[in-house]
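**Student:** Residue numbers (my numbering), protein chains in the order written: chain A, 10 to 166; chain B, 17 to 779.
Hints in this document: simulated from the structure, not taken from any laboratory. As the structure is a computational prediction, the values presented were derived from the model and not from experiment. Possibly wrong hints are sitting among the right ones.
Coverage of chain B stretches by chain A, computed from C-beta distances (three or more under 8 Å per stretch; other residues unrestricted) [said to hold, decoys possible]: (1) 27-33; (2) 43-49; (3) 654-664.
Take a look, some chain B residues computed to stay more than 12 Å from chain A by CB distance [to be verified]: (4) K119; (5) E223; (6) W454; (7) K530; (8) T532; (9) G596; (10) G637; (11) V670; (12) D696; (13) W766.
We put the CB at the ideal spot given by N, CA and C, even for glycine.
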Amino acid sequence: MQIEFNLNGQLVGADVEPRTTLADCIRNDFGQTGTHLACEHGVCGACTVLLNGEAVRSCLMLAAQVQGEQVVTVEGLSGDELTPLQAAFRKHHALQCGFCTPGFITTAHALLSHEPNADEERIREVLSGNLCRCSGYIPIVEAVLESRSFYQDAGSK
Amino acid sequence: MKVFNSYIGRPMERVEDLRLLRGRGTFVADVNRPNQLYAVILRSSTAHGLIKSIDSSEALALPGVHRVLTGKDLGNKVPTIPLRLQPLPQLEPFHQPVLADKKVRYVGEPVAVVIAESPAIAEDALEHISLDIEPLPAVATRGHAEARRSVLFEDHGSNVAITWKAFRGDADEAFKSADYIRRETFKVQRHAAMFMEPRGFVAEWDEAAGKLTVWGAAKTAWHNRRTLAAQLGLPVEAVDLIEVDVGGGFGSRGEFYPEDYLIPAAARIVGRPVKWTEDRREHMMSANHARDMECDVEFAVTRDGRFIGLRGQIWSDIGAYIRTNGSVGPRNLAQYMSGPYCMEHVDLKSSMLTTNKTPCGTYRGPGRYETDFVRERMIDLAAQDLKIDRIELRRRNLVADAQMPYPLASITPYDSSTELDSGDYHAVFDRCVKEFGWEERSKMRGRMIDGYYHGLAIGSFIEGGAAGPKEEVRLVLATDGALSVYMGSSSVGQGLETIMAQIAADAMEMPYHKITIFHGSTSYVKDGYGAYHSRSTVMGGSAILVGAEKLKELIRKTAAGRLGCKPEEVIINDEQASLGDTHLPFAGLSDTPLEVEAEFFNKKYTWAYGTQAAHVAVDPGTGHVKVVDIMSVEDVGRMINPLTLHGQAIGSIVQGLGGAFLEHLVYDDEGQLLTGSFADYLLPSATDFPSIHSITLELKPCPNNPLGAKGAGEGGLIPVGGLMANAVADALSHLNVQPMELPLSPPRIWQLVENAEAARAKA
């Protein structure tokens, strides 16, 4: 079946099987391999992308469901420079192997875009939907906490 | 400006992060080759049985299905997987065949490989293969194994593969005259490394060149290349294993598994590139499990609290086959049970039992996590019985600086004698007591606050590292003055590129940004060893130091030729080779790149060491344990990058907490895995363990390598199981609750509380 949607700011189209997941479509049809698959049953969050600004699991969605919608992956969040959120991840060593990282970046970005004043408890609650095996989460939480000011500033402009 | 020694010891932000944070990494699932096909693997759903027939005809008839490979397609004899470590001949009967052809021995064992135009078609085809297995009784527990409910390997005739023996002094004699002996049994549950990136390979066979290329290598590429080449009957040089970004290893990823053979072999058979990526359920039933052990151990102590000895029997459930490093855990359990304490008499036997479960291998701190649980529990029990303060008892028995080097127990049947190299164990212990605030927190011990009983624990540990025999590097100074370092070390996500660039920058007195690290692929150096046993920094880093000296010699020689002087007159400084006021910059020094190869040899392990303290709170009504705080202090000799090392420590501790409270690979009585998803197998999440502190010290540089570094990164996890059990016991001391088994899950703690209260009511 033919689908069309907006991926990272560009209108794209693909011919997909009805059973194709959004994750497979993004990765295989458009080569955006920053979206990672680690469990394919919606628990680990590595495949999290933004659908109209909301964090969703692209392994649990069908490509057909995003017809006409806006999808942003980790590749769509930054250009040549790291975003303040990404720079904070780097500063706090919030990633080791980096496989889960795109899912944490998209999840945290969605959270702070909606709730730039989220406190530590709220941040931990939202991030608890993403699994990281390397970091122990503490540096990730520190990075997200530090990034709040950038989202607060962006919101006040 | 002299830049010498300006990078080592600095918390440098990682070079890897720039690509990984923006989704620009290349993991093996991101690798694609033109015209590739996809493989999926048919795995046994029966734990134990005889294969009567495999009929693939219906699957082959599906459009898009190219081949279905079974054992029959792999030659007269299905290749088996040799051991990488402790390759004892008596373990050969237990080597795993890459495909089961006569018998299946665990749920998840590969039986056939489907190769198709897409992964979806290949998965569809699985359901059209008729696999007829005649079930045999399954061996799912130690009881089954010992009672021979079945025997996995009939020719061997027993489910005991081999027994390791750790010995020191004369335990039997020492126990005869001991003031105090306590005997207890302990259990640690089966759990696993569970790295986030699923395993995968892309393999391509170039018929014309007779060359095989495999993407997806990790950890031990050179060893795996030798194994694969031998199995396929190819010269080693005809096989290249390529390491791309690797999403975590923790001991499990990168060992040679059946798929390491099957995917390359499939590519060669079908004459097209073949790609395979496992899913999480497959991962849980095929990648190495770990830690599954029980033991019955006696601990002897003098009346005044001097440890005398350890004696007893350990059983490791190794699963259905021996994996490449499957002896490491069982061996360590016996050899390292004494840990950082003086223990003159040791007599521990460690038997490896075959069962109808996924085979086991190493997982971060193999054997050490389990054996520290046993030892530290025993120490707390002895302290309670002998009425000696737990802190004082440990202080009395830690190996003293003056006793270094201190030999650990000897071990048979594969000798691996080792001695604790250096350390001020008491200083680190005291620092931990102080940083943790033991005295202040002790006021809360045993008290109920907001529904939770509070308890404390402390324990010390040793962390082995730097396995030999060697590591290789190749340094290439390009004509533009940039340095490329090719190395046998491999990255499993620990920040290798950053750390090695720091070491190389200091060694070459060059700016860090002019250095690029290439690692882990067999095309880079002739022979490499890789990333295991916390060895990369020590072994790879030291090899860089050796290589840098050789490269400097070559630079001096080259410059001397141009300057008309002797090489020893040339001074290297600030990316220049200088004679007096004449300076030849590295850029343009030579018309061709300057290249050297170097090796670092080392057979002595490094022994980092540390102490951890914990504060927990236990809800007796639900059995839930809150980790209020953990303080870890470790001496690693020399730190290369405090940022990444701190990350290793915290991450490692949280993995240890996963093992202590959450993670459990559960099997039923018939050998069926009941925990095949992240919904059943619980990993720590962001809300579980928010308060963990770690301090790294550089008290005693390692005497056995030029960096002075000790392998680190596993240590944080090692004491956690014992620490948590002791803290829970402390919190519930009024009930004399004594956990002897992990995990400390809510139902288990709740049951212990119920039992204790029932016993108290009776009394």
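**Student:** For each hint, tell me whether it holds in the structure or not.
**Tutor:** Hint check:
1. 27-33: Check passed, 4 qualifying residues.
2. 43-49: holds (count 3)
3. 654-664: holds (count 5)
4. K119: holds, 31 Å
5. E223: About 27 Å separates E223(B) from the closest Cβ of chain A, which puts it past 12 Å; holds.
6. W454: holds, 22 Å
7. K530: holds, 20 Å
8. T532: Non-interface label on T532(B) holds, nearest chain A Cβ at 18 Å vs cutoff 12 Å.
9. G596: Holds, since 44 Å exceeds 12 Å.
10. G637: It holds; G637(B) is separated from chain A by about 23 Å at its closest Cβ, greater than 12 Å.
11. V670: violated, 3 Å
12. D696: With a cut-off of 12 Å, D696(B) comes too close to chain A, as the shortest Cβ separation is near 10 Å.
13. W766: Check passes; 23 Å lies beyond 12 Å.
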